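Q: Letter by letter, the chains look like this.
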Amino acid sequence: MTSQISVAPPRPRAERAAPRTKHSPLKRRISAAGWGFVLPFFIGFVLLVVVPVGYSIYLSLYRNQLIGGNHFVGFANYLQAFTDADFWSGVLRVSLFLVVQVPIMLALALICALAIDSGRLHGKSFFRIVLFLPYAVPGVVAVLMWGFMYNPRAGLTGALGHLLGFTIDPISTQWVLPAIGNIVTWEFLGYNMLIFYAALSTVPRELYEAAAIDGAGAFRTIFSVKLPALRGSIVIATIFSIIGSFQLFNEPNILRTTALGIIPTNFTPNLYAYTLSFSGNQVNYAATVAIIMSVFTAVIAYVVQLRGSRKDA
Amino acid sequence: MTELTRRMPQAPHRPRRSVVLTIVMALLLVYTLVPLAWLVISATKSNSDLVNTFGFAFGHFNLFANVADVFTYEGGVYGRWLINTLIYVVVGAGAATVLATLGGYGLAKYDFPGKKAVFAIILGAIAVPGTALAVPTFLLFSKVGLTNTMWAVILPSAISPFGLYLMWVFASDAIPTELMEAARVDGSGELRTFRTISLRLLVPGIVTVALFAIVATWNNYFLPLIMLNDPKLYPLTLGLQQWNAETVGVGAKPVFSLVTTGSLLAVIPIVAAFLLLQRYWQSGLSAGSVKQ
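Residue numbers (our numbering), protein chains in the order written: chain A, 15 to 327; chain B, 580 to 871.
Since the hints were made in silico from the structure, they are not lab data. These numbers come from a predicted model, not from an experiment. Among the hints, erroneous ones may be present.
To be verified - In silico DSBU-like links for lysine-lysine, alpha-carbon gap of 35 Å or less:
id, chain 1, residue 1, chain 2, residue 2
1, B, 811, B, 695
2, B, 832, B, 811
3, B, 722, B, 695
4, B, 722, B, 694
5, B, 694, A, 41
6, B, 695, A, 41
Claimed, not checked - Pairwise CB distance ranges (calculated):
id, chain 1, residue 1, chain 2, residue 2, range
7, A, 114, B, 652, 35 to 41 Å
8, A, 216, B, 642, 41 to 47 Å
9, A, 176, B, 616, 41 to 47 Å
10, B, 826, A, 313, 40 to 46 Å
11, A, 53, B, 635, 27 to 33 Å
12, A, 114, B, 630, 30 to 36 Å
Glycine included, each C-beta is placed from N, C-alpha and C at the ideal position.
Turn these sequences into a full structure, and let the hints steer you where they fit.
A: Spelled out as structure tokens, the structure:
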């Protein structure tokens, strides 16, 4: 139970406060103050999140046609999406991205966090801050930089190819997905490392001492003490990475502008939804695609959380 | 040696430095730094050097001319983008921080009817992909005439469910309820307690939430891409992308040095903010975001 943390609220201490009579003026005043603090956020949240989500659901149930105008079609848009090969090829692509890129990135982040936390590194705070830096770099700039370096003529991969005797062109139909995976890994490695590192630093030091007294070596301590302590943050990082993979948009969309013809408009479901609504003028269908992806994301995130919080996982 | 140091009572957990581990990590460090080094080197090169010299070799030192070009090209539009970005960050991320701080504090330290429901809805929203919101938000904004205005970027930036969550976890630990009750007994109103006592204790959490909101707004690309038509309203990210698009296709202009130098200038402030404030956000993060 203790590891089911990602969304489990910390017990508000107010609940355990000294018992008061139920409708005392003080209690009412406190309760009003509580609402007062939350209200500004809540109003904004309703207007900018709840209403658009509701509107999106509404849109997905309608269709706008030249003849007949805007009319209710029930789940017809959803049925269309489920047989839409353009949509599914994007879903497959981001799923592939998810099962390859996310484990690599999280494993690297985990190794970094464990290494920095182990105290066996020279200059550990330098490592921590430098590895985190790419997170602060705007995604657009990250893609522009890597895009230049991927250039086989003037970039890094060209030079590297010269050195090795063969060249691969990262901006080609075959390699562009791994090339994007590399950019995303570069951007978020340090961020995930920091999440893991922050969780490690809350592990009570006595646990390590106890493990050492029991004769546990460094690796034994990692597997028996550190990884269990990290389970909650691994679940969080995995969920955020799943959301990120399914939302993949910025990197392919920016690469598209210079890699003409390599990245199709349905490369990812998000790119597809974007194209549908802003070039194809099919907002109803675009909303449907976005909702299906949200449901996928929520279901997979939920499964990850259930599995992650199982005791024997 | 490791065993020995471990047994010493003064230093119970100080393992020996490992050279191998340091080398392995240094490789990852190189991976992290290579693109940034490339960016810094490239920003010092002229257009022809950018194309004709090896990426990690210096050419003629042309940085100052590049910077001047960046700020004068197309009537100095880069300066405009920079100011726009600052406006989006100050107003959008500023509002996000204020709202998340108040809301997180209220959820953490007060008990009120409906709180559990509010909380469940907001947490559920963290899982809603931001891009799924963008299309309906765009359509709603266009109905009320907000698209292609600064508000179209600022308003959605002001709501950060993740910031609220961070703040709520942070506040429930950072502020002893006893302290608030003592203030109450002394006759302090709730707002005054917040201003005079709680706010100070929340500073590391506020800095953390603010920094993440600043990064999110500074780096925002999708929202302005959808909402804005007028290049005069663009933030830096969208502007740089536009210049980048000018380097290819029909009528391509070789403005590579503008893209690289403009990118470097867009990175520096945000990286500087992180470095200068690291003491705050690192403590805010370890206390908050990943609590068990």
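Q: Next step is simple, just say for each hint if it's right about the structure.
A: Against the structure, the hints:
no.	hint	in the structure
1	811/B / 695/B	violated (44 Å)
2	832/B / 811/B	holds (20 Å)
3	722/B / 695/B	holds (33 Å)
4	722/B / 694/B	holds (32 Å)
5	694/B / 41/A	holds (15 Å)
6	695/B / 41/A	holds (18 Å)
7	114/A / 652/B: 35 to 41 Å	holds (40 Å)
8	216/A / 642/B: 41 to 47 Å	holds (44 Å)
9	176/A / 616/B: 41 to 47 Å	violated (19 Å)
10	826/B / 313/A: 40 to 46 Å	holds (41 Å)
11	53/A / 635/B: 27 to 33 Å	violated (54 Å)
12	114/A / 630/B: 30 to 36 Å	holds (33 Å)
Of the numbered hints listed earlier, those contradicted by the structure are 1, 9, 11.
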